[in-house]
Each structure stands twice: as C-alpha cells, then as structure tokens.
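Asks: Okay, here's what each chain looks like letter by letter:
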Amino acid sequence: MAKIWIRQAVLRALDDAMADDPSVIMMGEDIAAAGGPFKVTEGLLAAHGPKRVIDTPISEMAFMGAAVGAAVCGLKPVVEMMFIEFIGVALDQLTTQAATMRYLSRGRLTTPLVVRASAGAGQGFGCQHSQMLDHWFRGTPGLKVCVTSNARTTYGLLRSAIEDPDPVVVLEPRILYAEREEYEFDRTYRIPLGKAEIVKPGKDATLLACGAMVRVALEAAASSKADIEVIDMLTLWPWDRETVLESVSRTGRLVTLEEAPAGTGWGAEVVSTVAVEAFGSLKAPPHRITLPDAPVPYSGKLEARYLPNAAYVTEQVAALVSTNKAPTPWWRNAA
Amino acid sequence: MAKIWIRQAVLRALDDAMADDPSVIMMGEDIAAAGGPFKVTEGLLAAHGPKRVIDTPISEMAFMGAAVGAAVCGLKPVVEMMFIEFIGVALDQLTTQAATMRYLSRGRLTTPLVVRASAGAGQGFGCQHSQMLDHWFRGTPGLKVCVTSNARTTYGLLRSAIEDPDPVVVLEPRILYAEREEYEFDRTYRIPLGKAEIVKPGKDATLLACGAMVRVALEAAASSKADIEVIDMLTLWPWDRETVLESVSRTGRLVTLEEAPAGTGWGAEVVSTVAVEAFGSLKAPPHRITLPDAPVPYSGKLEARYLPNAAYVTEQVAALVSTNKAPTPWWRNAA
Amino acid sequence: MTISNSDSPLARREALHDRLEQLRRMIEIRSVEERIQKLFAEGHVRGSTHLANGQEAVSVGIARSIDPDDIVTCTYRGHGHALALGVTPAGVIGEICGRVVGCAGGLGGSMHLVEPAVGLMPTAAIIGAGLPIACGAALAARARGTDRVAVAIFGDGSANIGAFHESLNFAAIQKLPVVFVCENNLYGEYTRINLSTPVDDIAVRAASYNMPGAIVDGQDADKVAEAMAIAVARARRGEGPSLVEMKTYRYSGHSRSDPATYRPAGELDAWLKRDPINIFAERLTAEKLLEADGLDQLKAEVREAVEKATAEVLDSPAPELGEIMSHVGAHSAGGDRRHHFWAN
Amino acid sequence: MTISNSDSPLARREALHDRLEQLRRMIEIRSVEERIQKLFAEGHVRGSTHLANGQEAVSVGIARSIDPDDIVTCTYRGHGHALALGVTPAGVIGEICGRVVGCAGGLGGSMHLVEPAVGLMPTAAIIGAGLPIACGAALAARARGTDRVAVAIFGDGSANIGAFHESLNFAAIQKLPVVFVCENNLYGEYTRINLSTPVDDIAVRAASYNMPGAIVDGQDADKVAEAMAIAVARARRGEGPSLVEMKTYRYSGHSRSDPATYRPAGELDAWLKRDPINIFAERLTAEKLLEADGLDQLKAEVREAVEKATAEVLDSPAPELGEIMSHVGAHSAGGDRRHHFWAN
Ligand SMILES: Cc1ncc(C[n+]2csc(CCOP(=O)(O)OP(=O)(O)O)c2C)c(N)n1
Ligand SMILES: Cc1ncc(C[n+]2csc(CCOP(=O)(O)OP(=O)(O)O)c2C)c(N)n1
Ligand SMILES: [Mg+2]
Ligand SMILES: [Mg+2]
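Protein chains in written order, with the working numbering: chain E, 1 to 335; chain X, 1001 to 1335; chain Z, 2001 to 2344; chain H, 3001 to 3344.
Next comes chain E alone, as it looks inside the complex (with noise of 0.2 Å):
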C-alpha cells in the first residue's frame, strides 16, 4: 500500500469530487493559484480551471454567502475556511441563512454545501488559529458538522459531505495534515454522514474521540490494561447513537476524549444523552476529558499539557475503570 500524507486524502477526495460532479466548485483565500495555505488543493486549478477553484479576496462573509447563493442555485460549493476561526466574521451566513434555506423555501431551495477547515491545537499556531469550535455549528437544525481522524475518514467524509443535500461543516485537524500513512483510494469509498465507527474493540469501557484526539484514543487504549473500546465519532452532528448506546450498554462505561474545554466539548451531549438512555446500564459515571477552562497557549511545553496525551488518557481512564468512580482532572486544581 502507497504512504500518503493525510493532506493529500484531502486533495483527492475534493478532485475526484470535482471530477465526478461538473457542479462542485471551490472557493477560498490561495486555495487556487497558490494551492492552498495548506497546499491541499494542489493542481486543482490546473485540473479545474479558474471558473471552478476560485481564489476569493480576504471576506469570508462574501464567500460564504456567495456559497449560500451558488448551492441554491445549481452548485456545489466547497468553501475554505483556512482556520476554521475565521468563520466568526461570517457565521451568520452559514448557521443562520443557509441552515434555514430549506425551511423558509419549504424544501424548495436548498443549501448543498460544505465548509471545509483546517482546526485544533499541537503546532504553536496560538491562541486565535488553534480551536476546534463545532460548538458554533453542532445542534443547528439543517447543519451537519463532522471531524476527519485520518486519510481513509478525510476521503470518505469529505466525499459524503459534498454530496449531502444539505449544509455540513468539515474540521480537518490541521496537525493530521502532514501526517504519513498507508491508503490505498478508493474512489466509491464514502463514510456516511451521522455513523460512529468502532476503531478498536473492547469490553471494559468505551472511549469515545473526534479528529486528532482518536489516534491519541487508540494510543492510550494500546498501553492500557484494561480492554478499552475506541470510537471515532466521525460525525459530531447528527451524531450516532446507536453506535454509542450499543457500545456503553456492552462496556457499562463512557470516557469522551474531546479538544475542547468542557463547557463547548461534544461530550456533554452524548454524555447527557447516554445518561438518560443508558441509564442503569452504567457500572461507573461517564467521565469526560477535556482542554483546561482556558485559551490555548502558544508555549511549546504549555501547549504539551494542555492537550490531552496518550499517558494522560491512559490514566484517567484506568482510574475510572479500577474505581468505578470519575478521576479528577489535572486541571481543575491547578485553576
């Protein structure tokens, strides 16, 4: 099998789309002559041409509600948040026109469009280019937000997402980007929006992660004792219960693993969800890992502790499943 870096699932999956479907476009700062501050749209200008990867001035409102526009109108925009930060100049466009374009038209007009974001924390990029932020997005109703986690999840959500008939929301984990591993393209290959995936089995409890947190998941699950069960969420929005309620119903236990301080993290949802409908089911309570109540620092040796690590996730989660009770975290003393 060919190594790849993650970044190119990334590329493949946006030139196959646009190769199989005349109406997917792109827009976005340098996605076009330059390839992309991320160099993940690489040749799709030459492949394209200028009337379908469209480089934009610095106005995130006018491109993505220029998407908005096109997706009513015939198109499919992929739009380029390059840190996915810069959608708060421009929310309104997403959360509040495109994911009511449906309901005001009746169902006549439709937003399929994808907004696609390099996020999250590990590379020094401080404290305003480093956040996850699906909690701008996640519960919007007619919104979907997912997470990639690696080169075969990129490509299967990234082609999913573009073909949804309606609005989602794609994070990439900027830190996976330059990331190497063995795929092989498969270009029928697609993850469905909304289903969680069992990446490792177990039976002592179940660990539940999102985009660059899943490998740390896996890590922390390889050198445990215990016989921990990981799943990548993949899907933050409509997310998979199923999936999840199955799984805590075999381990009896529940550890999300989420980049994101508490009080905006996914896991409260699924944490409260599973509480309600998994309840007596439960040997032990939920516990949630999260970032610290705070930005994230720019500091090499801060940025370190303040991102959950494989050792740190080990040890919460063997606390928990050798006490039946929810480990403290580091933080909250240290607050």
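Please note that the accuracy of each hint is not assured.
No more than 25 Å apart at the CA atoms, straight line, and that leaves these computed lysine-lysine pairs for PhoX-like [what the hints assert, rightly or not]:
no.	chain 1	residue 1	chain 2	residue 2
1	X	K1203	X	K1301
2	Z	K2038	X	K1301
3	Z	K2175	E	K51
4	H	K3038	H	K3299
5	E	K283	X	K1325
6	X	K1301	X	K1325
7	H	K3038	E	K301
8	H	K3299	H	K3288
9	E	K325	X	K1283
It should be emphasised that the hints constitute simulated quantities derived from the structure, not laboratory data.
Here the structure is a predicted model, which is why all the values come from computation and not from measurement.
Please arrange chains X, Z and H with the ligands on chain E, whose structure you already have, making use of the hints.
Replies: Coordinates of chains X, Z and H with the ligands only, in the frame set by chain E:
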C-alpha cells in the same frame, strides 16, 4: 409595591449603572435618540448625553469591536444587540478578541464589557429573530453568559454584569419586556454571576430552567401533583454546580427545561455534569425538555407547539416522577 | 389586462410587460400593504411587519427589468418586491398571516417571503445577508453558462455593514453579473442617513470597487427601469456588477410600532407630492394609456381583488403541526421538492 | 544614543525622537527578523511567523509620530511595529520562542505581541479585528477627555474585509480620533493586490467615508512620519479619522513557509533598490548625522545587541504550567494586573 414592565428593569439597571459609574457607556442601533427598538433605553440619552449613549450605524462588527477597545482603555461599554442573532456577523470580536484579551496580555488588559441582547421565541418574529443562541458563547474561556427571567433578575444580573471585570453576555427574553410585575427597585441589589436560585423548593424532582422558561417551570410546578423544585439557572456559564448538585442530591431527579434545540441547549452540559458528579444519587434518568430540532416557525399555531408550555412540562415531569423513566418528547415521533 | 387572484406568480410576472399592469401592480402593492396594516390591527399578524409604501416604483421598476429566472435577494421590507416579482397577494398576505396559502406556507412570516418560480430567494431578516447570496447566484449563473443575473436589493442603512463592502468587492473582482440596488429611503430604522453615513449618496461608494454607480429617481418607475436596464445589460454582457441607488422614501415608520416622529416636519409631505403611483398614472395618461377616471377605477378594482385575496387567506388554515419538522433537512418528512433554476 | 537590551519599552520609545536612533531601530527590526528566521530553522519557533523586512520605515515612521500613550492595534505581521513602539528585542524574540521573557510571557506567540506601556494592544491574528478595537480606544480617549489617538495598522488585503468598511464608517460618523494605516505591500498572502482588489490605491476608499485619504511612500520614514503627523494632528484636533496608505513591500514571503514564487520577476529587485534603511541612512549622511562607515558600524552594533537578546531569550525558561490557567478571568490565579491607560 409598584407594578412595572420588565423592560423598565432593564432601563433602570442601565440608568443606575451609568449614574453610579461614569465609565459606563452604551452603544447600539437606535438606542439613543429613539430610546431603543424595545424602549429599554428610553431617556438615557437625555440623562447621560451623546458621548455616553451612542447610536451606531448598522455595523455590529464595528461597535462590538469598539466596545472591546473602549473596555481595554478604561470604559465599561454596554453593547445592545437588538436581536441576539445579529452577533452572527460579529462573533469574532466577542469570543475571539474580547475573551482572549486578558490571556494575551497576562492580565494587563481586560475587557469589562457587556453584550445585552433580546432573545428567544414566542412572538412571531420568525426563525432569524427568535433564538437564544447561548451556545455560541457558553463555555468560551474568559466569557460569562447569563439570562434574565423577571424584573428582579433583570436588574440584579445586569448590574452585576456591568460591574464584572470580564466580558459578559446578558440574554433578555424579548417576550418578557412587555410583562408587568410587582417590583421595588433597590439600587444596591445584585445577583452574583455564577449563582443559581431555588425559586420554588420541592422534594420529588429538580426542574432547571432559565429565561422565559422559568415561569413555565413555575406554572408546571404549581399544577403538578409531584413536589417539584424549580431552579432558575441565571448564569449559564460558569453555571452553579453546587446549587444544582445539592438539589439533585435531595430530589434524586433532574429535568432541564431549555429554550433551544437539544443539540445546542445548556442542559447537555448540566446533565452530563450531574451524571458524572451525582452518579448514584439519581432515582431516575435525567431528562431534558427541549425544543424540537427545527428552526423557529412563524405561524402562531406552530410556534405555540414548538415552545414547551406548562401543561406539557407538567406531563413530562409527571411521567418521569411516576415511572422513573424518561418520557419521549412529542416531536421525536413527529420527526 | 387584469390579473386575477388565481394567476400564477409566473403569469403575474409576465403580465408586467404591460404598462397598465405596471401601474396596477404599484396600486396593488399599496393596497396590500394597507390591508396588512389593518390585518395587524385585527390581530391576524404576529411579530413585526415592514411596509414600503412610497417605494412601489422601485419594486415594479426592478421587476419589469429582469426575467423570472433572474435571481433576486431582498430584505424584510419585501412585500412590494415580492408582489412586483409575481408573488400573489394571497401568497404575501397569507404568509404574513401564517397560513398555508402563504408563499412560505406560514413557516416564514412577514420577513421571509419567497418564490423560486420568479427568482425570489427567501427575503433575509439579517442586514446585509442578501448581498453575498446574490453574488453566489450570479456566480452560479455564470458557471452554469447562462446569462442570468442576480439583483441584490437592500437599504441605505445596510450600506454600512461589512457584507455590503465585501460583496461589492467580491463581485467586482470576479466581474459577477450582479446588480446591487440600494433603496435609499433616507432612514435605517429610526435613524436618518446623515446620522449613520458620512456621505449623502451611497452610489459614491461604487468608486471603491471600480464599478459604475448610478443615482436614480426611485419615485419614477420608468427611471428605475431605465437604470436597471443599463446595469442588467452590463451584467449580462459579462462586464460585471453595478451599484444603483434609488432615491425613495417610505411613508410609514420602520415597522408597525413606529410612528416615525423622528422625521423633520414637511419631509413626508414633500415626498407625498412625488408619489410613484401618481407620477406613473400621469405618465400613462399622457401616453393615452389611461382614461380620465382610469386611476380611480384601477384602485377600486385592485382593492376588491385584495379583499378577495384577504378573504381567501382568512379562510385558509394554519399549517399542520407536522410542518415544524418537515423541512429541516433532506431527511425530513417534507422530502425533496427542490426547485431547479435554469434546468437543462 | 544607544539603547541597551535592558532598557524599558518606554525608554526605547522616548529614544526614538533621535534621528540616529530611528535608523538604528530600523536596522534592529531587520536584524531581529533575520534572527527570528534563523531561530525558526533552529527549531526554537513554533507555528508560523510573518516577517516584515522591507517595511521598517513604516513601523519607525509611525512610532515616532505618536506618543507612548496613544494606542496602536496591528496584525500578526507585527514584529517591526512592536520593536518600533518600544518592545525590546528580547520581548519580541522571547515571545516568539515562547519564553517567560516574551512580551506576552510566552502565552501569545509570534502573532500576539503586546505592550500596554507603549500603547500596543495584543496584535490580532484575525484579519480586520484591530480596526474596530482602535475605534473603541479612540472613543475611550475622547470620552475620558484626553487628546489621545488610536492608530490601526493593517494590510492591503485586509481592506477587503467587512471590519475595514464598518470601522471607517463608524469612525467617520463619530469623528473619532483614529488613524487608519494601510500597509500596502502589494500582497495578501500569496495573492497580488490586483487579483483581490479592483482599485490600485486603497486610499481612494476614504471617499466612501468622506475622510481624507493619503498615499505615502512607505519606504521613506520621513514621508511616513510627515503623513502621520497630519493625520494625527487632525485626530487630536477632534476633526476625525484619516486613511493613510503606505506603499511598501515585504522582501520575504507571507510566512516562513512561503518562498514567494508568485512574484513577477524583477519586482523584488526594484523594491530592494528603495530599501528603507538605505534611504534613511543616505538622508542622515546628507544631514551629517551619520559618518561614512556609520551604517556598517550601527549594523554591527545592533547585530551584537540582538545576539545578546537572543542569548537572554534562550536562557529564559518556558512559562510555568500554572500560566495556562492564570489569566483566563478575574477569578484566575493571575489576579488583577490591569494596566490603566491615561491614569493621572
Ligand atoms: C445584522 C443586523 N443588524 C441590525 C438589524 C436590525 N434592523 C432591521 S431593519 C434595520 C434598518 C435597515 O435600514 P435600511 O438598510 O435603510 O433598510 P430599510 O429598512 O430602510 O428598508 C435594522 C437596523 C438586522 N436585522 N440585522
Ligand atoms: C478573517 C481572516 N481571514 C483570513 C486570514 C488568513 N490570513 C492571514 S494573513 C492574510 C493576508 C493579509 O494580507 P494583508 O492584509 O495585505 O496583510 P500583510 O500580510 O500583507 O501584512 C490572510 C488572508 C485571517 N487571519 N483572518
Ligand atoms: Mg432605509
Ligand atoms: Mg499585504
């Protein structure tokens, strides 16, 4: 005691705050000369002058950001977002700039500002003018979010928010502005941010609500056979874990009443925390009463069904208390 | 030519080629808005509603200058545009009354009128939101090889929001076939333009984007149509966007609750003297298209039709409860009813 | 006059009244940025970093035109401005290396330099964010009865974002004491201005807000200072904002990973011929303030000082882990260290 409109409590809080502290200023669209689109700023211009009560052009990014700059430079700006949806064009300034100012300056620069906005449904303003949207702010490190529920809490929360050294979002249920209520102003009255209030004690279940849902909760409690404890959350971030956990430890049952689709509601955070911290003291699964997963409909008939009313809440709580099983929301089957 | 209540939006739009129908449509807009005001008082309307009486020439002037498969975005102040573009009185009144006959089936309300068949996107309740969306429609038109144009209608106050600037710049650099129409009615809510905007003419801002900016007498439907024709033709030729400023006035306050006491004495009167319906009626009289008592007759006719439409609306039920959940996403019960613009 | 590493930001700022120090500061900026590039290669810098070599005259020209208690907002491309305003080389390099000696104690990084003592707000990593914040600072200055001004520095590409438009309009209508400085270095990331902006001069956009717009040779510190003086004086007199466009160029690519291959052949060379350090050195020579070998001597001196600062940085520890939680809100362990602007 005098009967006042709840909107007068907003006005009075702003007026008193401006009188007590010359650094308080106000900005917003039509708040000065016109006295505010909801008449909550009537007379402030005459009382405090055009340098402190400022009508702005329609440019939320400019005046939200101006509030950030002014706050850093020694003022205490109170920004009116007429409808909370409007911050969708200016979110960056609040959540990315204001909320990180202290962090990025290691405490040397702070942004004591308040964003107050009318919010919520029930009046036929349609899906782009009827949401709570607290999930855009909740959990953001450095930011606080609270919701008013009557004249007293309006006055108490607004005064505290304006005095807070950090940025605070105050959501004011629009539907309450024109309600009348007995209330005697007390210039010294404050509600500490981060504290919830037991507004009706009870033994059988803890019913959490905020904003316009508090009176629905109280009505439901009044007409329930079970003895319901009603808590007004008041601050959604950081929320009052102590009061909630203590209540649940007594009642053994938790119901949240949220004016938001489940995917965005604050109840997820609360229920998940309770599930972790009070695991074992619950007699029944926690239950969330939320809006359906759909935009706010315009037609009066639909909006009346869309919003939980007292009868529905009574019924849902009764089902939980009597069966110790979480009832199904009406819309789960309709979807 | 008389258009009955039962005519389709598309037929109503086609009818607008007729000059008498143009006059009639202006009267209809005025009439429908008067009726809406009454319906509000009668308790049939919820939330708020924004009248555009006095601005009818802009609506009709625009509608007659573009084709039904050109795209229009506009704002909450959209009754006039919706009617001009072809939405039926029952469609508009019905939506505002939250009934199934409403153009959005009662889901949207006064601020959200829509009719894909005549190119009307859901009117947006967020200031500036329509401009980028129009850019996108224009982009799609070009990408799909049509010569369709998009028209973004917005107010003077909206020319101060970021989306205005970004959209004009984006459209200019992309040479998009879009026409930006600013209805300068001198007020944004309760604020006069001079208090929010340091220039008198929004059109001067076109220079920032190297695009043509035109200032137009918005009370004269012919002048509106003329200016639109130039901008639309330019767009269709692929030469890019224009900014067209219509000088106009709203007779009423900003919304139903606004008595508009902030207006200087005499201002309204001066504008009433240049009423768009009267101006156009005089023109048609001069052109011998309208008889001496033609205007009164038309008004009576229209009023009757509007009453009929109102009766139809009030007979029409509120939507089924299931509608709440039927159009959230493709998974919803409403299923796929997608309108295909420029099919084949 | 020579400023040592141990001098305070305020002292460094005051020193800038001296013309030789102005030259020295430009050299320092160039030197520090060269060192940062090396530190990146050596693995001491994380994330990204944005050099402004070639733009030194803008930084120094601005800094010498305003007082330490005037407020400045600028962007991630802020090393030069920070140094010019007074932040020490160790403060800048330290921040970029994530050490406690950094001006934000290592919490911010390259894109977030800050120094309240000389009016520098945390530089913002979101395009356009600094403009409204500068408006607010100006508003506070006026409301508090001072004659302080705010300066917002941003790039040519940033003139296309909504915040630019809203801020200029807001400042104009409020007559705020703010100066908007556009550093037009011809590129926004990898895109040349003509591909993103339909006008050549950002300054023409001033007309949209009825404010003065000036076009300035940004390679000449004196010209920069002259233009700033006019705009600042106007602001201090209460006459409102100005837009000042500095024509300049960045010699490097957008950020460390950008080889800038998108630039037309010869463009860089042409700009190198108008190097701001050389231009100013020649001027000082003509003014007899600089000896024949003065420039080389200064460069050597500065290089040594920068090396010393670098050594100091590399000796300085990373922040304590507790710093993560110490400055989130007033409740945090860091407590209240608030800087009071214009306290008397
Ligand atoms: C982003 C945003 N800010 C504020 C509002 C509230 N608002 C509704 S209408 C209006 C005035 C708009 O004035 P103008 O653009 O002149 O249009 P007109 O109403 O005169 O047609 C305002 C401020 C809004 N809907 N959206
Ligand atoms: C809202 C937002 N959009 C996009 C970016 C990414 N970005 C960072 S720098 C830059 C180019 C800015 O160009 P210009 O304003 O000319 O400033 P320069 O870098 O040339 O100094 C872009 C697009 C951002 N930081 N924020
Ligand atoms: Mg107007
Ligand atoms: Mg530039």
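Asks: What's the verdict on Z:K2038 and X:K1301, does the C-alpha distance respect the 25 Å limit or exceed it?
Replies: holds (21 Å)
Asks: Is the Cα-Cα distance between Z:K2175 and E:K51 25 Å or less?
Replies: holds (12 Å)
Asks: Below or equal to 25 Å on CA atoms is what counts here, so check H:K3299 against H:K3288.
Replies: Roughly 18 Å separates the two Cα atoms, so the pair holds.
Asks: Taking 25 Å as the top limit, are the C-alpha atoms of X:K1301 and X:K1325 close enough?
Replies: violated (30 Å)
Asks: Holds or violated: X:K1203 and X:K1301, Cα atoms, limit 25 Å.
Replies: Violated, at about 35 Å.
Asks: Assess, step by step, whether the Cα of E:K283 is no farther than 25 Å from the Cα of X:K1325, and give holds or violated.
Replies: Status holds; Cα separation ~18 Å.
Asks: Take a quick look at whether H:K3038 and H:K3299 sit within 25 Å of each other, Cα to Cα.
Replies: holds (17 Å)
Asks: What's the verdict on H:K3038 and E:K301, does the C-alpha distance respect the 25 Å limit or exceed it?
Replies: holds (21 Å)
Asks: Straight-line Cα separation of E:K325 and X:K1283 no greater than 25 Å?
Replies: holds (18 Å)
Hint compliance for this structure: hints 1 and 6 are broken, all remaining hints hold.
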